[in-house]
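With the hints as extra help, turn the sequences into a complete structure.
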Amino acid sequence: MDEFLNFIKSGKLAPLKSWGTKWSLWPVHLVTACCGAELAHAFACGYDGERIGALNYGIARQTNLIIVEGAITRKMARVLKITWEQMPDPKFVIVMGACGLNGGVFWNGYNLVRPSEVVPVDFFIPGCPPTPEALLRGIRQLQKKLETGEAESSAYFYDLRLEKGKPPRRLPGVPKKISAAPSIVVNRPRKVDWAFGGELCEKLKVLRVESVAITGKNRIALKVSADKLREVAIELKKMGFDHVKSVNVVDVPGENKFIVEYHISSYSSKELMPVILNVFAEVPRNEAKIDSLSDLFPSADYMEREMQDFFGISFKGNPWKGKFLLAPDTPEFPLRKEFKLQEEIYVGD
Amino acid sequence: MIEVLIDLIRYFLSILKSNQLDIPLIKPIIALIMKIVAQIPIPYLSNLVDFILAVILWRPLFAVVVMPGLTVLMIYLLYIVWFERKLTARIQWRVGPLEVYRPLRGAIQALADGIRYLFQEAIVHKDAHRPYFVQLPILAFIPVLLPIAFIPAGNVVGIKSPYAVQLTIAFISLIPITVIAIGWASNSRFAFIGSVREALMYVAYEIPFIVAAISMIFLYKSGDPYIIVENQWIPGAILNPLAFLVFLIAMLMATSRLPFEIPEADQEIAFGPFVEYSGILFGLVMVLAYEKLYVMALLFTILFLGGWNGIYISLLGDLNAPIWLTIKTIVVISIIAMVRSMYARYRIDQAIRIGFSWLLAFSMVALAIGVVIGYEGGI
Amino acid sequence: MKEIAIDVPVEPPKELESLFLPIPKEYVEEVYRNDEFLILVGPQHPGSGHMRLIVRVKGDVIQEVIPDPGYVHRAIEKIAETRLYVQNIPLVERPAIMDSANLNLGYVRAIEDGMDLEVPERAKYLRTILAELCRIGTHLYDAAILSVFLGHTTGFMYPFGIRELICESLVKMTGARFTSSFIIPGGVRRDVSKEILDWIYSATFAIEKRLRSFERLFIKNPTVVARLKDVGVLSKKEAIEFGVVGPFLRASGVEYDVRKVEPYEAYDKVDWDIVVADDGDSYSRFLVRVNEVAQSLKIIRQCIAEIPGGKVISDQICEGNDIRGEFFEKLAGIVLPAGEFTTLTEAARGSVIYTIVSDGESNVPYRLRVVTPGWLYLRGFMESLKGERLADLQAIYGSFGYFPPEADR
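Protein chains in written order, with this note's numbering: chain A, 2 to 350; chain B, 140 to 518; chain C, 9 to 417.
Hints are computed from structural coordinates only; laboratory data are not their basis.
Where hints are given, some of them may not hold.
[What the hints assert, rightly or not] Which bits of chain C does chain A cover? Going by a derived footprint, with three or more residues having C-beta under 8 angstroms, they are:
no., stretch
1, 79-88
2, 181-187
3, 339-348
4, 365-374
Yeah, the Cβ is synthetic: ideal placement off N, Cα and C, and Gly gets one too.
The structure is reproduced here in structure tokens:
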């Protein structure tokens, strides 16, 4: 930020100030995303950022540099701002990673914020993730900026001259094919060579389920009605299925329903270990309520909260209210199909 | 009027002149300076220079300000921060601070950090107790720096006292109180936990520490550093190895260095009492532990490593003793710095258990050894 | 022990209101009424990653920990619905970039399961080598984080020094230090020459040699043992109940490893053992992973010694042996048949689950469900903190190797 640069470069003690700040850029321990792995490499023994006087240090009050490591989510943006405000002036910000520049692979995600909208950024380092060399180069460039007032970019933009006489290249069109009226079947049966599956299916048919289907090797789908889900789960627990691997919701707006799936498996029974039961129920979209299984299977607790965030399905019996994974200002129920993300623009259209 | 003033200065000069350092090495240099000054035709200049030189070479002042006092302390602070980082780096397969000034292998890194701290904003946050928050880092220097006046180095001594060892221990015991007050003034939950931890650690190491020191006083039958050092033709470390061990570990605990870096555990409670400090105030509180380490290492050297005993170089004269004391102290600190990269941090209950079980037991045995040797006629 | 209480009215600090706590106000007031207090660990804290733990402390003892995840929730599941199946390959490895090959492998296997693709043997071996390299890298990363949480900075530097060898191996094999996207539906991107495999073979010995000095310095260090032993115990029953996964489950005595239970790639052709411990404390969670590194090195050596020749990409995808240059033509249009395809893969920190729901017509997934190990063991992690001391929070955190980007996706 110019204000801090001016402070460093002004006054009679300017050379001393810029020298001291230059060789003592201490990044604060604010890890924001996965580029932190490369940051750790840059300060570990392979590359040793301490050579150039940068020491990764505890908390905001004692440091003067934030290295934003990649994606900043809506929740993290607040933290970034608070941290930046906690730091004593003069302070600087380096952003590493493509996500921090313009979103990277997550450019159209609903939960991403550009760091430059939150804090003033002094230097960007592109890459996904940038190598440790690139990060250290970024710190060197910030040092150079402190010394001379201008950082040097490694990006060069050449003027491209169009060649005459060649036919224009045919640009590709949109490769995407999206079905207009998708029909979703999560229990499409498949023929597999699995003897134990047949026995298990016979056992499961006794339960109060609507249908049982083998959907692959070691995979069985059980369709139950929404009000019977709990009873079936109690029976399954008696059979030896002891934990939930995944809670999933599929939104089918065309048929006005949510398919709520619990992937249940077992750790305690040797022969049931590889089996994953997909116990699913259908609930109407406008009245999305289902019994929670979190008291039977505590492992389902956090995933039910997550689905509550994503789809707005209320799990009766789960005590958590409010948002868990998402920030307060994230769009409501982002994984519902009516919430559309921005699509890429293809030049060929 | 002027005559009275000149008489007063003469009187002071006579006091100063009566207690001058005797260094054969710099005698010709002083003579040369006086000769040059005498040729400059400014009235009273030669008297002034004579006075300034007399002040510098006045033994008590030299002991406090130059060696082993503040100047050495400042150089030591720059050195130890760099040395610690460099040594840690070498153990960790890396280079450590280097690029700041290559010819000195980055030795002025701590200076750069200090300058940066000086020009950074010192934040006093809203909930802090403002006067104490700002005053305490400076107040904390009093108990840290006062012992330097009492610790002698041969003939060079600030305040001569037969109770120097006891006094130093008393002052060292005051330091944790300032740290606890710093944590209180910060008014933060992490600072609060840090202060409580500091208080608990204080209880854990203080008794073994004092008992180990007392065992050495019994052993030499005196708390006078001159008698202690004179008697050490065998170093105290060999005479009473248990006291040596207890003192060393208590030193690690008292200066909160790994494996006992519990009150300031940055990964657990984010620098504990110092969590809210920034800018030059943090610079001040950060060097507190290093200064405490310096004072304790001076005491350690006097009690266990024969103080200023060493090969006498006649050219240096009175400077021999301070130099030997400083060298030994810095070697001790450098060895302690190595421990940092070797151990993880203990938990607070484990540290207190160590303090109250075998550290206390060892110190009691050390006390018994000290009493027996002292009773049997001493050294 | 008798408790002495002084009746002093305590008010919750004002700052708790301005920090966007996800818990109700009544809870905060109740905590302060009961002579306890709340500590917020993270997201800007030297001893935490990208998440916030709301720790309820009585004295020095943790009563309850409420997680506040989502600081790195980057909406992978939603973004995947707007991309082609192959475009999602780089996306799904972003949650844990040090473990990219395993996350990549799980997704690709779900596609292969849907399309009934046969993967050539050589590709299977290459995938196994890549997955195990990433496993070693992740375990080393977690060991480093554990060390720094215990205040042992040398223990942080050594594993990262060793990790450089892993990164170098990945660069030689795939061209990228972290995010390789090397595994594609039907095989791998390109063949790996014998020289590179030999280099990796010798690198495994270098890793083993350096691990011995790490063992002397950190694993057997008395202070480390004192900090980790009998801390954060999860019994076998609890571990099963809370659905803990991977090495943390095995540390509690459950002999479950997806690579043995439902073998994929070349894991049923090489000789290796499941590492199991009984104690379920932080130290055994750490030791299990240390021993898994040794097993992984063994698997890599066997794979390199026994690797068969032949193609590295399935005939169903590409006639030649090199997909470079025609990647987009061959793979952009793949459409999965209608249905749901779930695969279970053993990533370094536990089992990762990919569920692809396809409508049978689109070439983008209708719904992609990713459940990463971090998200699965979060509940067990929170339960194991109860009743421990505040200083143990970092020890347990490190022993679980909790990596928030992976958990939040």
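Now for the hints, and whether the structure bears them out:
For the stretch 79-88 of chain C, the proposed coverage by chain A is satisfied: 9 residues have a C-beta within less than 8 angstroms of a C-beta in that chain, meeting the threshold of three. Coverage of a stretch by a chain is defined here by at least three residues with a beta carbon nearer than 8 angstroms to that chain's beta carbons; for the stretch 181-187 of chain C and chain A the count is 3, and the condition holds. Against chain A, the stretch 339-348 of chain C contributes 7 residues with a C-beta closer than 8 angstroms to a partner C-beta. That satisfies the three-residue criterion, and the hint holds. With 8 residues having a Cβ less than 8 angstroms from any Cβ of chain A, the stretch 365-374 of chain C passes the three-residue criterion, so the hint holds.
Consistency note: the structure conflicts with none of the earlier hints.
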